[in-house]
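Undergrad: For the record, the sequence lines run as chains X and R.
Be aware that the first sequence starts at 1, since it is given in the UniProt record's numbering, and climbs by one per residue.
Be aware that the second sequence starts at 1, since it is given in the UniProt record's numbering, and climbs by one per residue.
Please note that the accuracy of each hint is not assured.
[To be verified] Each computed BS3-like pair below joins lysine-lysine, with the alpha-carbon atoms no more than 25 Å apart:
1. R:K285 - X:K28
2. R:K101 - R:K62
3. R:K150 - X:K50
4. R:K150 - X:K46
5. R:K150 - X:K28
6. R:K101 - X:K50
7. R:K101 - X:K46
[As the list claims (entries may be wrong)] Sample of chain X residues with no beta-carbon within 10 Å of chain R, all distances over it, derived:
8. V18
9. G61
10. G82
Source of the hints: derived by calculation from the structure; they are not laboratory data.
For each residue, glycine too, the CB sits at the ideal point set by N, CA and C.
Here is how the chains run, residue by residue.
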Amino acid sequence: MTETTTSLYEQLGGEAAVNAAVDIFYRKVLSDHRINRFFDNTDIEKQAAKQKSFLTMAFGGPNNYNGADMRQAHAHLVKKLGLDDSHFDAVMEHLTSTLVELSVPQNLIDQVAAIAESTRNDVLNR
Amino acid sequence: MSMRKITLDNHEVVCQSGETVLDALLREHLDIPHACREGACQSCMMRNLSGPPPSAAQNGLKDVLRHQNHFLACLCHPHEDMVISLTPPADFFTEASVTGKQLLNAETLLLTLHCEEALDYYAGQFVNLRRADGLTRSYSIANNRIHSHKLSFHIRRLAGGRFSEWAHRELNIGDTLQVSDPQGLCYYLPNQAEQNMLLIGTGSGLAPLAGIISEALHHGHGGDIHLFHGSREVDGLYWIDEMRQLARQYPNFHYTPCVSKGDAPAGFAAGRANDVAISRLPNLKGWRVYLCGHPDMVNQTKRQTYLHGAQLQDIYSDAFHVASSTLD
């Protein structure tokens, strides 16, 4: 239905690629002591579903990205737990290394990183 | 044209060719939870009451959800008319009488009921038990599904617990209770006979795990089955001899009783059941995991087992189950 606008998503391999990436990416995030405290009170199944939505969006796939929701979801982490650029950077690092592990070409990694980067101000409530 | 009728409660909606069930329902201004519309967030999950839904609409769902005809409305292009439900069906109750009461340890009662009607349940599911005055509590079924009229439960006496205190003190052999239809998704399906299984329970969280183990062994499950049952002290455990006997009988069944307080006596592991399990089985890639006990233990262990390689769709738990008042 929307072939013309999903080229990045298709080049990456669509939903199957997102599934492979979510699994690697989320394990990296939860294992990283710099950032895993932000996930201490989350249900990991629900969180994994959110990670999948986020990666689908970053992969250029079908999404309903909503900046206001993103702000609201992270507001208490910014206020109470000091979520800042260093933590966002750590997540970006895991996203990139996940794609490297999956042998995604660098030019596609750059495009995914740029989309993910565009959420930074929403996530950090700026 | 392939127009299909979708029935949801008292609404009838026609799903046009090319539309998903979610599209059709939203077009008619029905208030359906949804978000990503691409099968990721699973917030539009529903159940088809008229049989199996199109398999493409079950993409990414756990096998037990698929088995119960759940599907994602945003992925569903119906092949035929569908009667669907957003909420679990209202509880249907059947009458049962108490046939046995036996203490498993100082605080846990083995309650056995005989149901008037045969119940179609899966080992590991729970039912709601309802007293004559309406007081209702959920308990896991502790036996396998061989006996469709007989159900057993492990009822831990909670200080101030109205139902459990009553069941321990006042409920007598021959008394009747109402039993709901079986519910819950933490159960055994004999579809992966070679998959290794890890089961971790604390306190009376052993109940559904014991049912699952007995069901799996009954089906000739070929993979390894490891049970870790924990409590603070030895006297908080039960069925120790029975589980050891089972382990002697079935070479692929392994049982580790765990005590988290102080030194463990010979034959027991020291530490919380989840920590002992992870330290002994650090690579859970491809394993199926069943968890039952205190919600904090269950949540923590979901994460631990995931980070040690288990896939999220292979981790089963019933989070409501407050089987023990502590994390041990």
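Undergrad: Would you say X:G82 is clear of chain R, with no C-beta pair closer than or equal to 10 Å?
TA: Fine: 22 Å to the nearest Cβ keeps X:G82 off the interface.
Undergrad: According to the definition I'm using, a residue is off the interface if its beta carbon is farther than 10 Å from all beta carbons of the partner; does X:G61 meet that for chain R?
TA: The claim is violated: X:G61 sits with its nearest Cβ about 7 Å from chain R, within 10 Å.
Undergrad: Are the Cα positions of R:K150 and X:K46 separated by 25 Å at most?
TA: 36 Å, violated
Undergrad: Holds or violated: R:K150 and X:K28, Cα atoms, limit 25 Å.
TA: Violated: R:K150 and X:K28 sit about 46 Å apart, past 25 Å.
Undergrad: With the threshold set at 25 Å, check whether the alpha-carbon distance from R:K101 to X:K50 stays at or below it.
TA: 46 Å, violated
Undergrad: Are the Cα positions of R:K285 and X:K28 separated by 25 Å at most?
TA: Holds - the C-alpha atoms of X:K28 and R:K285 are around 16 Å apart, at most 25 Å.
Undergrad: Was X:V18 rightly flagged as not at the interface, with every chain R Cβ beyond 10 Å?
TA: Non-interface label fails for X:V18: nearest chain R Cβ at 8 Å, not farther than 10 Å.
Undergrad: When you check the alpha-carbon spacing of R:K101 and R:K62, does it fall within 25 Å?
TA: Not satisfied, since the Cα-Cα distance of roughly 36 Å exceeds 25 Å.
Undergrad: Holds or violated: R:K101 and X:K46, Cα atoms, limit 25 Å.
TA: Status violated; Cα separation ~39 Å.
Undergrad: For the pair supplied as a hint, R:K150 and X:K50, confirm whether the alpha-carbon distance does not exceed 25 Å.
TA: The hint is violated at about 42 Å.
Taken one by one, the earlier hints fail for this structure at numbers 2, 3, 4, 5, 6, 7, 8 and 9, listed in ascending order.
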